[in-house]
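Next come the chains, spelled out residue by residue.
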Amino acid sequence: MLRVPDARFIVAFDRASEADSVRMGGKCASLARMIAAGVNVPNGFAVATDAYAEHLESGRLRSRVETLMRSIDIGNVDDEEEKSSEIRRLIMSAAMPTGVEAEIRRAYLAIAEGDDLPVAVRSSATAEDMPDASFAGQQDTYLWIVGEDDVVERVKACWASLFNARAISYRARNGLGWLDAQMGVGVQKMVDAAAAGVAMTLDPITGNRTRIVIDAAFGLGEPVVSGEITPDNFVVEKVMLEILKRKIVEKDSELVADRAARRTVHKVVEASRRALPSLSDAQVIAVARIAKALEKSMGCPQDVEWAIDRDRPDGENVVILQSRPETVWSRKKVEREKVYAVGIEGVLGALLSPLRVKQ
Amino acid sequence: MTTHVRFPSPYDIKAPQGAEDWKRLYPYYLVFQDNLKQKEESKFWFCDSQHWPTPFKPFDAVTVEFAVKCLGQYNTRHYMIPPANGVDYRIHNGYCYMSPVAVAPELIAGRVPQFMERAGYYFQNWGSLLANWDKKVRANIAALEALHFEKLPDVVPLDWVTEGVGLDNTYGLMETYDRSIQLLYKTWQYHFEFLNLGYAAYLDFFGFLKGQFPDIPDQAIAKMVQGVDVDLFRPDDELKKLAKLAVQLDIATALWTGTADAALAAVAQRRNGQQWIEAWKQAQDPWFNFTSGNGFYSTDKYWIEHLDIPLGYIKDYVARLEKGEEIDRPTAKIAAERDRITKEYAELLDADARAAFEGKLGLARTVFPYVENHNFYIEHWSMGVFWRKMRGLSRILHEAGFWEQPDDMFYLTRQEVRDALFDYGNAWAVGTDPIGPDYWPAEIASRRKIMAALATQAPQPALNEPPAVITEPFTIMLWGITTESVGRWLNGSADKSVLTGMAASPGTVEGRARVLRSADDLGLIEPGEILVTPVTAPSWAPVFGKIKATVTDIGGMMSHAAIVCREYGLPAVTGTGNATTSIKTGQMLRVNGSTGEVTILS
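Going line by line, the protein sequences match chains A and B.
In this note's numbering, each residue's number is its place in the first sequence (first place is 1) plus 12.
In this note's numbering, each residue's number is its place in the second sequence (first place is 1) plus 777.
Extracted from the complex, chain A is given alone in its bound form:
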């Protein structure tokens, strides 16, 4: 892969500094941080928030968006939907500032070493992924995008997705102004995933921090993340990295790349493969090991998106697509018994009530 050229609106993931993190948006900043920490993350670059700002300015879009936003009858779903479409049309139809567009094209061609590398184009809003404003999934991600023209289009689409109806109503309900949100966009090498999913470094049901819970399915991870399908579920003990539970389900469909058509397709999983685990035990442990390392380096429980990259050799094929702080349990205090007897009193207690050791 060629080096992404230094540019005003572009930040290469592998050369980002902490000072770039705000301009990259939450998602890209976290990817850059992981790369810096030595985690296997598909490389790419961020289109900085300044590019989004430039687009609004140069197309004289800001005031028109402002007017439309003010006119929305919040709570009226039809109106929200209609104005949302109008704003997005405005953003999409305006020509991208030439300086921005040229830099995106150069950066893409650099990582693609040509014009046919499939990439993911991901929204990376500045307010997104904050523990207190769970914007997760409010903005769009486009997978399996190929070619510089399409990349440029999808970057715009990501900017526009800041104004999808879901985001508008979410921001309104949480009292967030639309101008507060800045939009970075990540362009990242697409992973051809044999399997993918999510790993949480605690048990989302109980808050138990000695567990790493992994959801996994064949193919790309989006159907797992969005809850479209029931994934295999693995529970791993965090310290010893031992698999405590495996729940393998029938997986009748998988999301895979259709390279020729430059898109992803839902494919029927052949009968012989449906009941097989989507991850081998060794892969489960490899995913857990990385999730555990991420929790340690980030300093709090993490919610990690991962994939098994078909193009990398076994043993180093787990790649991380995203890691963000777990928000639910991290803020709760887990109830535990408070008084502990130690020394001989403890021994006495154990002798009187060895039932606690029942396996």
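Everything labelled a hint here was simulated from the structure, so no lab data went into it.
Careful, some of the hints might be misleading.
[Claimed, not checked] List time: in silico DSS-like cross-link candidates among lysine-lysine, alpha-carbon distance up to 27 angstroms:
1) B:K928 x B:K1078
2) A:K304 x B:K1110
3) B:K1017 x B:K987
4) A:K308 x B:K1120
5) A:K304 x B:K1092
6) A:K308 x B:K987
7) A:K257 x B:K1120
8) B:K1273 x A:K259
9) B:K1092 x B:K1325
10) B:K987 x A:K304
11) B:K1000 x B:K1100
12) B:K1120 x B:K1078
13) B:K1000 x B:K1110
14) B:K1018 x B:K1100
15) B:K1323 x A:K308
16) B:K1021 x B:K1058
17) B:K1110 x A:K308
18) B:K1273 x B:K1325
19) B:K814 x B:K791
20) B:K846 x B:K816
21) A:K257 x B:K1018
22) B:K1018 x B:K1058
23) B:K1078 x B:K1058
24) B:K1092 x B:K1058
25) B:K987 x A:K257
26) B:K1078 x B:K1323
27) B:K987 x A:K259
28) B:K791 x B:K820
29) B:K791 x B:K1226
30) A:K257 x B:K1323
31) B:K1000 x A:K257
32) B:K1000 x B:K987
33) A:K304 x B:K1120
34) A:K304 x A:K259
[As the list claims (entries may be wrong)] Label pairs and their calculated CB-CB ranges:
35) B:R1117 x A:N52: 21 to 31 angstroms
36) B:G1363 x A:P325: 32 to 42 angstroms
37) A:S284 x B:E1102: 32 to 42 angstroms
38) A:A294 x B:A879: 19 to 29 angstroms
No residue lacks a Cβ here, since even glycine has one placed at the ideal position from N, Cα and C.
Fit chain B to the known structure of chain A by using the hints.
Frame of chain A; chain B shown alone:
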């Protein structure tokens, strides 16, 4: 699947054909008496095939008696363990069954102050008391070593006459025998002086962590307290040192010369050979007082009397060294892993819990070296000397015509041996023939047949009705028996190709099974096989370099097999109940030492 609510009664289990008369092999108080049927059937008994996996000869019952009696005395009379007295025991069809004796609920509270004072004193003074234990046990071993049996002379020595001793040689013979038994009795008293308390402190640490972290694997807890420099591993470490020295001195090829004696002679001939022989001799005392069994059987083979065993292991190590393999235990790795695990769990605790964790960990680490090390000093070293002395005595009576084989004395109970000695001395004094040579050969032949018949039948895992819930701390601590394991024994597994036991040492491997019922067959093991056996002994460690995993019928997390497997990084599943009867040599197995599952693949 039918659910049985009880195990068979000992009164309903028939002796195997040819062993109908087995009860006369053991003392009356160790068998289920007919007139106590109602009382005996009201108790739950589980088979201790962890320590006594095969039927044992009448004399060998002494180890059952002394060991289990001495276990009891510390609970019942020394430390007043509040909820638990000792463990009652019986022999049935040659196997040993245990039944822990609970303290009546209304008496438990009353024992607490005494327990606190007595056990508390031991915990507070563990180091100095243990140093004293070490001295006592070494003195006891020296006393056992000093025992000397010899055949009766033609006349009493002249100086006994001139000095007016006024005693004959039979007096000394009887006294030495009685002293042997007393020293053995002392050995077992010492064995349990620290053991019950050690396990209790470990149980507290274990229970605390299970409360904090319901998912924590048992082996993670064990790893936090395990020692790195453990005396129990010294014998094997000595063999490794000798293997390396043989390679270094370039005398290794001489080890492949014929018998052990021939090989040692060939080494001595080599340049630098003497240096190796010196090291070999030095390692023997005390580290070759090490048995291939578990110390409870007179048939145990101790290295020091069977030099071909350690020599064979040394040759295996030499071969591995020459292939460039690493043979040392990864002690630095083990220590680092222990520290990592301890730290990571500690970090998951809140401040109060962490303080408790540190306290309990400290106590567990104080007591645990005893749990690991006593085994060398008692089962290996002390018992090795005792059995050697007893075999010497057996040979004297064999030479006096009492029995046909040198080791036949073990077909007599310890009380009968005393009778035979008196018979021998009596005839010597009277100037006539002893009766034994006309009594014992036929009797021993009959007993030999009974023993052979007993060995054809595997024991029931338990007898009578189990309690709804196992709460007895020693059942759980020492035998690893839980409500769940009893349930498994009763119901078996729905899927006959999957056996479940304790996840004793982590890792998953596949390989061919090698089912071994006796340490004598250890030589059959081929590299890469999975060892399936009723129970393993720590001294089997040298074969652990060859095998992929271990599966046992009996044993908990803290059984010797589990400790050694963790130490050697081998997957192990212990306490499956029936692996040796369900699995055949040559079958492909998958052993998952992390979940405790053994799958028969073909």
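(request) If any of the earlier hints don't hold here, list their numbers in rising order. (result) 3, 5, 11, 12, 15, 21, 30 and 38
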